[in-house]
Amino acid sequence: MMIETHDLTRRFNGNLAVDRLTIDVREGEVFGFLGPNGAGKTTTVRMLACLIRPTSGTARINGYELGRDNQQIRRICGILTETPGLYDKLSAQANLLYFAQLYDVENPEAQVRKYLQMLGLWDKRDEPVGTFSKGMRQKVAIARALIHEPRLLFLDEPTAALDPESAKTVRDFIEELKGEKRTIFLCTHNLDEAERLCDRIGVIRQRIIAVDTPDGLRRSLFGRQTEVQLAEVTPAIVDAVSGLEFVAHVKQDGNRLRISLADPDAQNPVLVEQLVRAGAKVQYVSEVKHSLEDVYLTLVREEAR
Amino acid sequence: MKKALIVFRKEWREILQNKLILYTILVPPILLAIIPLVMMYFMRNEPVDPEDLAMYSQFVAALPWLSPEEVVMYVLLNQFVLMFLMMPVVIPVTIASFSIIGEKEQRSLEPLLATPIRVTELLAGKTLAAVVPALLTTWVAFGIFLVGARFLATPALLRALLSPMWWLAFFVMAPLFCILSVAIGVVISSRVNDTRVAQQIGGLIVLPVMALAMLQTFGKVLYTTQTFALACLVLAVLDVLVIRMGSSLFQRETILTRWK
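So the sequences go chain by chain: A and B.
End of the first sequence sits at 852 in my numbering; the numbers just go up one at a time, nothing left out.
End of the second sequence sits at 263 in my numbering; the numbers just go up one at a time, nothing left out.
If you are wondering where the hints come from, they were derived from the structure by calculation, not from laboratory data.
Treat each hint with caution, since some may be false.
Calculated pairs, DMTMM-like style, for lysine to aspartate or glutamate (alpha carbon to alpha carbon, straight line, at most 20 angstroms) [said to hold, decoys possible]:
1. B:K22 with A:E674
2. A:K725 with A:D762
3. B:K6 with A:E656
4. A:K836 with A:D746
5. A:K681 with A:D651
6. B:K5 with A:E656
7. A:K681 with A:D670
8. A:K798 with A:E820
9. A:K715 with A:D739
10. B:K5 with A:E653
11. B:K223 with B:E108
12. A:K661 with A:E723
13. B:K5 with A:D651
14. A:K681 with B:E73
15. B:K6 with A:E653
16. B:K6 with A:D651
17. A:K836 with A:E774
18. A:K671 with A:E656
19. B:K22 with A:D635
20. B:K107 with A:E656
21. B:K107 with A:E629
Just a sample of chain A residues kept apart from chain B, beta carbon distances all over 12 angstroms, derived [claimed, not checked]:
22. D635
23. Q664
24. R691
25. F720
26. K725
27. D746
28. P782
Covered, in the sense of this in silico footprint (three residues per stretch, anywhere, with C-beta under 8 angstroms from a C-beta of chain B), are these stretches of chain A [to be verified]:
29. 570-580
30. 612-624
31. 636-642
32. 645-657
Yeah, the Cβ is synthetic: ideal placement off N, Cα and C, and Gly gets one too.
From just these sequences and the hints, can you work out the full model?
As structure tokens, then:
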């Protein structure tokens, strides 16, 4: 495991920011951390990156114990904070070189060159970052987070406040990183981004509400559903479908039927056969895929009740 | 120490990009070195004002190896030498607050504190960046003043200006002032978000030094090696107290959760 937390809790002046957080993040996994503003995402990242101490609970990062082995943890972690936090008067190269030296990178100049070239900023290396666009600044900040080749990368809202093109560049780069088998802990509000990038997702609202793969979350909340578009829906057709023993629920919406099934892969052929036998003219059969937004909003609203 | 030097170098790169800070570091020492020399040049052939002589009559008695004219010049030059001590007070607090508030404004503290640097190394780097230019400019300005005085002052006056009191002031008191000034800069920076406000508040710490200089100007006190040694002792105690306060504020947790 790259991250293991047990009952990790943080209070600020008595106010609970993170409540008994217990999660495991596997090595090489992209773990999405979703939650509304003030849910404790940044506080969790700050605790795991050894920036603030937990009030109670324990955590291990790559086997190192939080609190006892903080220096070792800092060496293997990279962090992209909510704002780029660059030195505006210094060049991109000077910004990165500073951090490379602080992380004791063996050949800092070569490493800086590698990331500036990788992110297409080598030609602008001597320009002060204060003159850069938001997207370019974010790229420099990402390069800074990676400069020491961390095994665990915390990304806090990496595409927030970026224009769509810059956001796509950043997302594509994260996908590249995913290919490098680094562990990425991604805090985001962007559910499409989470869907595309994350292997598993944790939803937090002070305490963890759910952890699973995006599909696992959908299944646990909504089950699996098949949608069938017919030329015409008659009561006899609905009765025929409802009569099947494996059908949990049927909902009619115009000429469409939405049918809840436990195992659509095995049961869809039988279902279609039954429909045809009942005289239905089948136009389309598809799986109902609830968006991650539906999942997230349902979870957060249920938690708020 | 290696990381403190990395921080020191980076701080200097930033300072070199900031003209306001550069002027703060360079202009006062140049003025303080030149003005007393110009004054000495014009005063050396002028008769002494009897009112001045009356004001400094007690000093004439205390410095019998100087002529009354030399005593008046000595006292006036002493004001400037005391003014030199304003540099190790003003420059470090200016640089320290620029550096720390600059980090706050740019929101660069969080990624910086996520690195394996120890906060003591970070503080040491920032302290060095503030103290080294202050001490260097103070010493260079004093050096220029002494070289000029070598040609303009009488031998007796020059000997008086080279008394142990001044060596104590420049090589013990000035570094102590620097450390005090940086520590105050850290304390101010933890509560303020605007560099100019921090510099204005920091500028207030120069007032006690000016008040001490004024006491001598108005003939109330003549500083000696003993009084400076005592002042050094008081400063050392103050340094320890303010450093403790500054260090307690300069912790990862405190910076990220309690600083304004």
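Here is what the structure says about each hint:
1. B:K22 with A:E674: Holds. K22 of chain B to E674 of chain A sits at ~18 angstroms (cutoff 20 angstroms).
2. A:K725 with A:D762: Since the Cα atoms of K725 of chain A and D762 of chain A sit roughly 19 angstroms apart, the hinted pair holds (cutoff 20 angstroms).
3. B:K6 with A:E656: holds (17 angstroms)
4. A:K836 with A:D746: Roughly 17 angstroms separates the two Cα atoms, so the pair holds.
5. A:K681 with A:D651: violated (28 angstroms)
6. B:K5 with A:E656: holds (17 angstroms)
7. A:K681 with A:D670: Roughly 17 angstroms between the alpha carbons, so the hint for K681 of chain A and D670 of chain A holds.
8. A:K798 with A:E820: Holds: K798 of chain A and E820 of chain A sit about 19 angstroms apart, inside 20 angstroms.
9. A:K715 with A:D739: At roughly 11 angstroms apart (the allowed maximum being 20 angstroms), D739 of chain A and K715 of chain A satisfy the hint.
10. B:K5 with A:E653: Measuring from Cα to Cα gives roughly 14 angstroms; hence the hint holds.
11. B:K223 with B:E108: violated (46 angstroms)
12. A:K661 with A:E723: holds (15 angstroms)
13. B:K5 with A:D651: holds (10 angstroms)
14. A:K681 with B:E73: Answer violated: K681 of chain A to E73 of chain B is near 65 angstroms, above 20 angstroms.
15. B:K6 with A:E653: holds (14 angstroms)
16. B:K6 with A:D651: holds (9 angstroms)
17. A:K836 with A:E774: holds (10 angstroms)
18. A:K671 with A:E656: holds (15 angstroms)
19. B:K22 with A:D635: holds (15 angstroms)
20. B:K107 with A:E656: violated (27 angstroms)
21. B:K107 with A:E629: holds (14 angstroms)
22. D635: violated (6 angstroms)
23. Q664: holds (21 angstroms)
24. R691: The assertion about R691 of chain A is violated, with a minimum of 6 angstroms to chain B.
25. F720: holds (18 angstroms)
26. K725: With a cut-off of 12 angstroms, K725 of chain A remains clear of chain B, as the shortest Cβ separation is near 21 angstroms.
27. D746: Correct as stated: the minimum Cβ-Cβ distance to chain B is 24 angstroms, above 12 angstroms.
28. P782: With a cut-off of 12 angstroms, P782 of chain A remains clear of chain B, as the shortest Cβ separation is near 63 angstroms.
29. 570-580: violated (count 0)
30. 612-624: Per the Cβ count (4), the hint holds.
31. 636-642: holds (count 3)
32. 645-657: holds (count 6)
In terms of the numbered hints stated before, the structure departs from hints 5, 11, 14, 20, 22, 24 and 29, listed from lowest to highest.
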